[in-house]
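**Student:** Listed in order, the protein sequences are those of chains A and S.
Counted from 1, the first sequence has number 257 at position 257 by the numbering used here; the numbering is strictly sequential.
Counted from 1, the second sequence has number 303 at position 303 by the numbering used here; the numbering is strictly sequential.
Just so you know, these hints were derived from the structure itself, not from any lab.
Fair warning: this is a prediction, and the values are worked out from it, not measured in the lab.
Mixed in with the good hints, there may be bad ones.
With beta-carbon atoms standing in for the labels, derived distance ranges [what the hints assert, rightly or not]: (1) A/Ser62 with S/Glu218: 35 to 45 Å; (2) S/Arg210 with A/Val39: 35 to 45 Å; (3) A/Ser176 with S/Ile102: 28 to 38 Å; (4) A/Arg77 with S/Arg229: 17 to 27 Å; (5) S/Arg147 with A/Asp73: 49 to 59 Å; (6) A/Val39 with S/Gln261: 47 to 57 Å.
All residues carry an ideal CB built from backbone N, CA and C; glycine is no exception.
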Amino acid sequence: MATAVQSRTAKRPRSALWGRVLLYVVCIFIAILFLFPIVWSAISSVKPPKEASAAPPTFLPSQIDFANYGKLDDYGRGVWSYVGNSVITAIITVIGSTVLSTLAGYGFARFNFPMKNIAFVLILATLMIPFQSILIPLFLILTGLRLQNTLFGLALVYITFQLPFGVFIMRNTFASVPREIEEAALLDGCTPLTMLYRVMFALVRPGIITVGIYAFLNSWNEFLAALIFMTKEANFTLPILLTSVRSGYYGAIDWGALQAGLMVSIVPCVVIFLLLQRYYVGGLTGGAIKG
Amino acid sequence: MGLAAFRTSSNKQGDSGAGASVGRRYVGLFFTLPAIIFTLVFFILPLGMTIFMSLHKWSLMGEHNFIGIQNYIDLLTRDSQFWNSLWFTTRYTLLITPAIFIIAFLLALLVNLPLRMIGVFRTIYFLPAVIGLGTSSLLWVWLLNDRVGAINAILKLLGLVDRPIIWLADPNYVMIAIIVSIVWKTVGFTMILLLTGMQAIPAELYESARVDGANYWEQLRYIMLPLMRRTFALALVLSVIGSYLAFDQFFIMTAGGPQNQTISVVYWIYKKSFTDFNLGYGASMSIVLLVILVVLSVIQMWLLRDDTTY
Numbered sequence: 001m002a003t004a005v006q007s008r009t010a011k012r013p014r015s016a017l018w019g020r021v022l023l024y025v026v027c028i029f030i031a032i033l034f035l036f037p038i039v040w041s042a043i044s045s046v047k048p049p050k051e052a053s054a055a056p057p058t059f060l061p062s063q064i065d066f067a068n069y070g071k072l073d074d075y076g077r078g079v080w081s082y083v084g085n086s087v088i089t090a091i092i093t094v095i096g097s098t099v100l101s102t103l104a105g106y107g108f109a110r111f112n113f114p115m116k117n118i119a120f121v122l123i124l125a126t127l128m129i130p131f132q133s134i135l136i137p138l139f140l141i142l143t144g145l146r147l148q149n150t151l152f153g154l155a156l157v158y159i160t161f162q163l164p165f166g167v168f169i170m171r172n173t174f175a176s177v178p179r180e181i182e183e184a185a186l187l188d189g190c191t192p193l194t195m196l197y198r199v200m201f202a203l204v205r206p207g208i209i210t211v212g213i214y215a216f217l218n219s220w221n222e223f224l225a226a227l228i229f230m231t232k233e234a235n236f237t238l239p240i241l242l243t244s245v246r247s248g249y250y251g252a253i254d255w256g257a258l259q260a261g262l263m264v265s266i267v268p269c270v271v272i273f274l275l276l277q278r279y280y281v282g283g284l285t286g287g288a289i290k291g
Numbered sequence: 001m002g003l004a005a006f007r008t009s010s011n012k013q014g015d016s017g018a019g020a021s022v023g024r025r026y027v028g029l030f031f032t033l034p035a036i037i038f039t040l041v042f043f044i045l046p047l048g049m050t051i052f053m054s055l056h057k058w059s060l061m062g063e064h065n066f067i068g069i070q071n072y073i074d075l076l077t078r079d080s081q082f083w084n085s086l087w088f089t090t091r092y093t094l095l096i097t098p099a100i101f102i103i104a105f106l107l108a109l110l111v112n113l114p115l116r117m118i119g120v121f122r123t124i125y126f127l128p129a130v131i132g133l134g135t136s137s138l139l140w141v142w143l144l145n146d147r148v149g150a151i152n153a154i155l156k157l158l159g160l161v162d163r164p165i166i167w168l169a170d171p172n173y174v175m176i177a178i179i180v181s182i183v184w185k186t187v188g189f190t191m192i193l194l195l196t197g198m199q200a201i202p203a204e205l206y207e208s209a210r211v212d213g214a215n216y217w218e219q220l221r222y223i224m225l226p227l228m229r230r231t232f233a234l235a236l237v238l239s240v241i242g243s244y245l246a247f248d249q250f251f252i253m254t255a256g257g258p259q260n261q262t263i264s265v266v267y268w269i270y271k272k273s274f275t276d277f278n279l280g281y282g283a284s285m286s287i288v289l290l291v292i293l294v295v296l297s298v299i300q301m302w303l304l305r306d307d308t309t310y
């Protein structure tokens, strides 16, 4: 095989080499287009505040200065308090989505029970309905449960939005575990719950991580539901707060603070994605193509 | 051999054991119940309530009286902004869907090439997709700004414009500006989706075509494209639905302006419901939007249905 490829390239080394170089140039050019907005924002966020708002913009900072990040403390109760809100909401959403999806995925993959198919279709069918169309009554339901304006209430809604994807992924993950493992454990006297905890948990961990990443990103980034449900400024999540930094009811737009705020919002997503990319893309293919 | 014997015997045992025990009949229900309850309380119930509310005049305080289909009549006959929004959202969808599709397909072809380090480029092109839409909208508000924004500075540097373009407030430029920002944010997602479809095609099919003398473009035309119909259908449905539900970018980047030209349907529902507090009316618009989306998805799935099995 190797010799075949070599002989082919040897026949026309020039054109093949130049074709390769050209492709890399194209790749790099496109990469610059995609990276530019994020990198430019990162660079600008560490400019001294005056340079960050300079018109026209300057290129590199004259010195590295974190004053823009410091200024984030002046917005509302200080940006870190809203970062805290977003973190709390994301943690509840991640724990809730992974636990509910794992339990349900196990139930659907391994047990027969009355109305099983109806229940499964019911959960998956919610994928067809855009959540935007049910936000009005959800607002009333949360009010009825006295959960309006609470991070917990917002997280409950986010968990529900994650369920069709999560249950689907976890059911497939459990279904791919060989039955022999459970049967051996059953002979050892495991109950279904201890089986799930002691035996299955380790085997389905990739699925759980996938569900967790999507839950985190969707909760961290969600805008419309948070905008509607969180009417008190103290409970704003980060995306809502950033909009008010922009929209100017704090006066003129502070571009330096905005760039710093954007970085605070972007960096966790990028880091989590880069660390757990494998699981993220696995979720995309498992959830999308097979479905 | 011994293993196979063990497998069949234990399988039989497991099945009969499950059937015999009565308690085991409900074990599965126990595991799935929390997810079912969440779906009922926070999805099915509000869906039913949306239909119920759409038949009422319903204020934020909760007073409501039944008015039949009056909301729908008002919506279809009196609300010119609803029609403007529907038309605007449709136009936006018709422009952005082909843009995303063509660029995503070309990128997928590129990152599917057997080049060293191509995985790095794949990751880079996908990166904006993990950022929030709200965050990326704000990022583009800054990039597109006429005074401090990089886009105008670059265009000026290249000598393409004399004076900065006020992208988001100029009726001639607002659509293209938003489309560029959304393509940047979402095209990587569609790229990965299409790439997965490409890689799912068995390599032998290409190989036998190559033996028959098919070049790259012929393989593309006669093998890849036909076999990717299901993937195209999925990506198309996701893109059209996503565009019809657009809100964040218009709320953040243009606030519906200039001259109320960029008020999408969801934005108009939001305004009617949570600025004018006419919840029943908002609910009736939600139902109309829902019906439109379901019809569109069904049509697309039917158009791109896949009869081939491979």
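**Student:** Next, verify each hint and record whether it holds.
**Tutor:** So, going through the hints one by one against the coordinates:
Between A/Ser62 and S/Glu218 the beta carbon distance is about 57 Å. The supplied range of 35 to 45 Å is therefore violated. Taken as a hint, the range 35 to 45 Å holds for the pair S/Arg210 and A/Val39, whose Cβ atoms sit roughly 41 Å apart. At about 36 Å, the beta-carbon gap between A/Ser176 and S/Ile102 stays in the expected band of 28 to 38 Å. Checked against the hint of 17 to 27 Å, the pair A/Arg77 and S/Arg229 fails, with Cβ atoms roughly 52 Å apart.
S/Arg147 and A/Asp73 have their C-beta atoms about 26 Å apart, which leaves the hinted 49 to 59 Å range violated. About 32 Å separates the C-beta atoms of A/Val39 and S/Gln261, a value inconsistent with the hinted range of 47 to 57 Å.
Hints 1, 4, 5 and 6 from the earlier list are contradicted by this structure; the remaining hints agree with it.
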